[in-house]
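Participant: Chains as they are written, first to last, in the numbering used here: chain A, 4 to 206; chain B, 4 to 206.
By construction, these hints were calculated from the structure, which means they are not laboratory data. Each hint can be trusted.
If chains are identical, the list can't say which one is meant, so a pair holds when it fits in one copy or spans any two.
Below, simulated BS3-like cross-link-like pairs (lysine-lysine); rule was C-alpha separation at most 25 Å, straight line:
(1) K151 - K164
(2) K194 - K25
(3) K147 - K164
(4) K42 - K149
(5) K154 - K164
(6) K149 - K128
(7) K128 - K154
(8) K164 - K149
(9) K51 - K151
2 protein chains.
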Amino acid sequence: MSAKVITITREFGSGGRTIGRKVAEALGYSFYDWNLVDKIATETGFAKEFIEENGEEQGRFSAVFTSSSFGFNLNEQLFEAQSRVVLNLAEQGNCVIVGRCADYLLRNDPNTMSCFIYANHDARKNRVINEYGETDVPIEKRLKDKDKRRKAHYEYFTSRKWGKSFYYDLCIDTGRIPIDTAVDVIVEAAKNYTPGLRNTDGD
Amino acid sequence: MSAKVITITREFGSGGRTIGRKVAEALGYSFYDWNLVDKIATETGFAKEFIEENGEEQGRFSAVFTSSSFGFNLNEQLFEAQSRVVLNLAEQGNCVIVGRCADYLLRNDPNTMSCFIYANHDARKNRVINEYGETDVPIEKRLKDKDKRRKAHYEYFTSRKWGKSFYYDLCIDTGRIPIDTAVDVIVEAAKNYTPGLRNTDGD
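Chain A with its partners taken away, still in its complex shape:
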């Protein structure tokens, strides 16, 4: 029995996206990552730039993140809309979904295997520079900023603590376990997956 859907929640620079892509290739599954932005834009009408800025992280201008005086909140509307897109994709099965709080959205689906990928600061700094290059902003600040915004977004929309193992079937530290080993490990686990209840100890 295999996991029908694999979700990858990850720290910035941990290699989670690359792992997700390679796992999808190995299993012959569809892979949803940045391409989700186009899909969400088409299906919801939100501008791509707005989704990129707010779909996975707390917006840079925190006022956007709080309820507006008009009685609605664009970020919450975006979350609702992209959640529907994620749930529809999961319904079709045989896919790997990176980010978008998919672990939380699919927490009660016995056929979804959820993974959390993280690594120490130095490993992540090196990977970010190698993968995305240097910018005017020092790498230390980029990492800190991304970590803070991603965590805030996740905790705001899920009411869960970032990085609690109990929410996941598999958590892997890529600072010590190489990316390709992480891929092998996830593929092996997915192939032997037993649909079952989620651990609720962390809730």
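Could you slot chain B onto chain A? The hints should help.
Facilitator: Just chain B, lined up with the frame of chain A:
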């Protein structure tokens, strides 16, 4: 490059002990679990019963757990003593150590791979009954009591949160990933282990 030491921290009934034994067999490593109690008793002079009751869990009589009016605390002395035993074993390398806060004690050792094993309540209840049998105490109460005491012991001596993924290289939910797959996954990760810094995001 392989991990020289593998620590297994686990929820009661998750199969962590069995996994540790099988991983040790697969790698040809020494295995330290209950046999540690004898070793600690011999090397420290503490009674076996006292170590069994307090070496991994908060004692049933919580007064024992607080500082005594004599200015010393037996539980803390036991923790110190068993920590020395664990660190000595780790120094020799090529071993799997279950429990005893070994993940915490070896947190700065780049050659130690730390694993956390957990599972949902139902899976653990079934495993406890199959492995240890029924007792007069209802299984639900046994599980709750053990979870509470183990967590309290861990958090008291490590000042860490129980179950935070960042402390571990690998976290596995055996409610969904079968025991034998968990063994394969740990062995694969251990064989490809890259000594490196621990993730400190959780500290």
